[in-house]
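Novice: Each chain, written out:
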Amino acid sequence: MSEEIKNFLYLNRRAPYGTIYAWESLEVVLIGAAFDQKVSLAFVDDGVFQIAKGQDTSGIGMKNFSPTYAALGDYDVHQLFVEKESLEERGLTVDDLMHLTWEDEDEDWAEKDSIQVVSRLELAEIIAAQDVVFSF
Amino acid sequence: MSEEIKNFLYLNRRAPYGTIYAWESLEVVLIGAAFDQKVSLAFVDDGVFQIAKGQDTSGIGMKNFSPTYAALGDYDVHQLFVEKESLEERGLTVDDLMHLTWEDEDEDWAEKDSIQVVSRLELAEIIAAQDVVFSF
Amino acid sequence: MNALHTVNKSPFEKRSFDSCMGHILEGSAVLLYEDGVYAAMKGTAMEGKVKSAQGVRFYVLGPDLKARGVSEERVIDGVEIVDYAGFVDLAAELDKVVAWV
Amino acid sequence: MNALHTVNKSPFEKRSFDSCMGHILEGSAVLLYEDGVYAAMKGTAMEGKVKSAQGVRFYVLGPDLKARGVSEERVIDGVEIVDYAGFVDLAAELDKVVAWV
Amino acid sequence: MKFAIQINEGPYQHQASDSAYQFTKAALEKGHEVFRVFFYHDGVGNGTRLTTPPQDDRHIVNRWAELAEQHNLDMVVCVAAAQRRGLVDDGEAERNQKDATNLHPKFRISGLGQLIEAAVQSERLVVFGD
Amino acid sequence: MKFAIQINEGPYQHQASDSAYQFTKAALEKGHEVFRVFFYHDGVGNGTRLTTPPQDDRHIVNRWAELAEQHNLDMVVCVAAAQRRGLVDDGEAERNQKDATNLHPKFRISGLGQLIEAAVQSERLVVFGD
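Residue numbers (numbering that gives the first Met the number 0), protein chains in the order written: chain H, 0 to 135; chain S, 0 to 135; chain B, 0 to 100; chain Z, 0 to 100; chain W, 0 to 129; chain D, 0 to 129.
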């Protein structure tokens, strides 16, 4: 395997449960965390609904995979970009999202927020800076 | 089987080729024509693209099923409603559509147009008048 | 005849909710389910569309709301929350079901 | 780095074309294919959006246009028609491919 | 009341089959009759006996099969859609010289006429799709 | 240049597999290398050997198999997605006690790491989906 480290972005634009893309995308992120790449996730359009808090799937008989997002920090995946405009169009604020954190090894395991709200233009620049963009 | 005659509407809202819905919907119409029901088709939203003229799929390696619409008249399926607003939003007029006809047995096999352009409100009333609406 | 119109896609992603809204007549009902439940949320561009539909009843599937973390307080006033049994009742009560898939 | 952005869904049905347009920077390119080719048609709401994107090249896949009966004269001025080999060339020329599926 | 159910999408990828299952179950529990469940397009994928979903997830195919067992449901997979997507029973395997089958025994493969008939015979057709 | 191809949808229902095939063929004809074609989500359905499309339509699975034969393509079906949707090879059949297999011999079932590896090793990842 090549020693080169690439910037990987997972572009999440779909709501959860209506389709499996969100969940099977997350499965790639988890497997991909074992590879030594620089990983970030973007939540755009309906993708912001993936990390809405208070998900409870008991009534639809499907698996609630939202707790897995909270585990991403343990996999050293802690760059989660959420698009501001996408939140606003859906009447959401960052308080409607799960509180996702990671522990920074370099700062005595200080707990830090994984979610960064960015503007559409900032996200366009983040996308531009990637080596590989995964879409599901 | 019941002797009751029902009004069947096939609601076509998808473009052809990008997905198979248009083609597999047409397969239902063809099979359904053997049953003694009153059948009509509605082309709404991107469904109007299904009956665009000049389709040539040689470059994408897929089957061109658009000639089948011309055969519908022979199956006694000749009520094809096309929504005016859907055409307009896409910059289309009825001249961009295939010329689909049927022969009226009751008028000495006179050739008549199968396509009727109707307004959104008229289509809402057509939908309301059905017994069964098929969506694909 | 009055129809139960169903919408299962997000109004932010697909055209089906808008298309449904353009084809409903007085006396009919609309059920929002699966990702369609997002159209029932207050404070979005959908709220005005739902409120301006005269003589049309709106329903949203509770289990799909809950799955997506949308609390009942966020549902547009006048939109009634039903479960699968309620979905069945609506399908039986109205004269037919029109799916805006 | 400059990206090739691809859109394969109809701009009349899905949000992906608009979303793509909101995230392209100068120097990038957009390829419309499959049902995405409808965004390359003159005389629709898309024409203004395509024309107002500064410093972005637009391409449309010819075989998909032909399949759908969209003649070359209907394609927005300045949008270049390519075949699958041209799609490959663009993917190789730009630094990465971003699919707005 | 007599219902007909049409499912246009396969298991797991879309919620269509889940919603259809919950609807069908609720209808049967209310004492309604379900004349037929018709699987069309990718919906034919709901009829394979070869799935092994993760332990902590629902088994969509078996769930349908159990509901069919309890209520004597008629679950029909469209033959034309099945041929395109590789759903095969013994008859299809022989007809098309396939060396294996994958249809679950609680489902049967038949023609599109079964969908039309279901719509004619039932008082409501309810469609679940993408 | 080295490409990796990802396909998210099954055959026939969406054009994704068709477009990916045309792209891959064109890339190979231009002398590019295709490191791997990775079938994910419903895309796993492209790897069944049980399809019988109509005579006048393309055979999507065989077309991929022939391209793989000519160019020694590595075509990988994701195991997790395959288990949910009933795509099975000999190993999977034994592991999950299935009485049949349906994977076409030109495809192989493997883990998601194969997608990541393809993205790392290739210069371009091109995704075809819905």
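Since the hints were made in silico from the structure, they are not lab data.
Among these hints, one or two may not hold up.
Stated by the list, open to error - List of simulated lysine-lysine pairs, DSSO-like, C-alpha gap at most 30 Å:
#  : chain 1 : residue 1 : chain 2 : residue 2
1  : Z       : 65        : S       : 111
2  : H       : 62        : H       : 111
3  : B       : 41        : H       : 62
4  : S       : 5         : S       : 37
5  : S       : 83        : S       : 111
6  : W       : 97        : S       : 62
7  : Z       : 65        : H       : 83
8  : Z       : 50        : S       : 62
9  : W       : 105       : S       : 37
10 : D       : 1         : D       : 105
11 : B       : 65        : W       : 24
12 : D       : 105       : H       : 62
13 : Z       : 48        : S       : 83
14 : S       : 62        : D       : 29
15 : H       : 5         : H       : 83
16 : H       : 62        : H       : 83
17 : W       : 97        : D       : 97
18 : S       : 83        : Z       : 41
19 : H       : 62        : W       : 29
20 : B       : 65        : S       : 83
21 : D       : 97        : W       : 105
22 : Z       : 41        : S       : 52
23 : D       : 97        : H       : 5
24 : B       : 65        : H       : 37
25 : Z       : 48        : S       : 52
26 : S       : 5         : S       : 83
27 : B       : 65        : H       : 62
28 : B       : 50        : H       : 111
29 : H       : 52        : B       : 41
30 : Z       : 48        : B       : 48
31 : W       : 24        : W       : 97
Novice: All the hints need checking, so say for each whether the structure fits it.
Specialist: A quick look at each hint next to the structure:
Distance restraint check for residue 65/Z and residue 111/S: the Cα-Cα separation of roughly 28 Å lies within the 30 Å cut-off, and the hinted pair is therefore satisfied. Of the pairs offered as hints, the one joining residue 62/H and residue 111/H holds, with about 28 Å between alpha carbons and a cut-off of 30 Å not exceeded. The straight-line distance between the Cα atoms of residue 41/B and residue 62/H is roughly 27 Å, inside the 30 Å bound, and the hint therefore holds. This hinted pair checks out: residue 5/S and residue 37/S have alpha carbons roughly 6 Å apart, not beyond 30 Å.
With a C-alpha separation of about 20 Å, the suggested pair residue 83/S and residue 111/S falls inside the 30 Å cut-off, and the hint holds. This hinted pair checks out: residue 97/W and residue 62/S have alpha carbons roughly 24 Å apart, not beyond 30 Å. Annotation: proposed proximity of residue 65/Z to residue 83/H is violated, straight-line Cα distance about 39 Å (limit 30 Å). Restraint check: the Cα-Cα separation between residue 50/Z and residue 62/S comes to about 34 Å, which exceeds 30 Å; the hinted pair is violated.
For a cut-off of 30 Å, the pair hint linking residue 105/W to residue 37/S is broken: about 33 Å separates their Cα positions. With a C-alpha separation of about 21 Å, the suggested pairing of residue 1/D with residue 105/D holds against the 30 Å cut-off. About 20 Å separates the Cα atoms of residue 65/B and residue 24/W, which keeps this hinted pair within 30 Å; it holds. For the suggested pair residue 105/D and residue 62/H, the alpha carbons sit about 33 Å apart, so the restraint of at most 30 Å is broken.
Under the criterion of a C-alpha separation no larger than 30 Å, the hint pairing residue 48/Z with residue 83/S is consistent with the structure, at around 24 Å. Only pairs whose Cα atoms come within 30 Å are accepted, and residue 62/S paired with residue 29/D is accepted, the gap being roughly 26 Å. For the hint pairing residue 5/H with residue 83/H, the CA-to-CA distance comes to about 26 Å; that is within 30 Å, so the pair holds. For a cut-off of 30 Å, the pair hint linking residue 62/H to residue 83/H stands: about 28 Å separates their Cα positions.
This hinted pair checks out: residue 97/W and residue 97/D have alpha carbons roughly 17 Å apart, not beyond 30 Å. As the CA atoms of residue 83/S and residue 41/Z are separated by approximately 18 Å, the hinted pair is consistent with the 30 Å bound. For a cut-off of 30 Å, the pair hint linking residue 62/H to residue 29/W stands: about 26 Å separates their Cα positions. Taken as a hint, the residue 65/B and residue 83/S pair is broken in the structure, with Cα atoms around 39 Å apart against an allowance of 30 Å.
Distance restraint check for residue 97/D and residue 105/W: the Cα-Cα separation of roughly 16 Å lies within the 30 Å cut-off, and the hinted pair is therefore satisfied. For the hint pairing residue 41/Z with residue 52/S, the CA-to-CA distance comes to about 17 Å; that is within 30 Å, so the pair holds. At most 30 Å may separate the alpha-carbon atoms for a hinted pair to count; residue 97/D and residue 5/H exceed this at roughly 40 Å. About 34 Å separates the Cα atoms of residue 65/B and residue 37/H, which puts this hinted pair outside 30 Å; it is violated.
With a C-alpha separation of about 26 Å, the suggested pair residue 48/Z and residue 52/S falls inside the 30 Å cut-off, and the hint holds. Between residue 5/S and residue 83/S the CA atoms are separated by roughly 26 Å; this keeps the pair inside 30 Å, and the hint holds. A threshold of 30 Å between alpha carbons decides the hint, and for residue 65/B with residue 62/H the separation of about 13 Å falls inside it, so the pair holds. About 42 Å separates the Cα atoms of residue 50/B and residue 111/H, which puts this hinted pair outside 30 Å; it is violated.
Between residue 52/H and residue 41/B the alpha-carbon distance is near 17 Å, which keeps this suggested pair within the 30 Å criterion. At roughly 25 Å between alpha-carbon atoms, residue 48/Z and residue 48/B fall within 30 Å of each other, so this suggested pair holds. With a C-alpha separation of about 35 Å, the suggested pairing of residue 24/W with residue 97/W is violated against the 30 Å cut-off.
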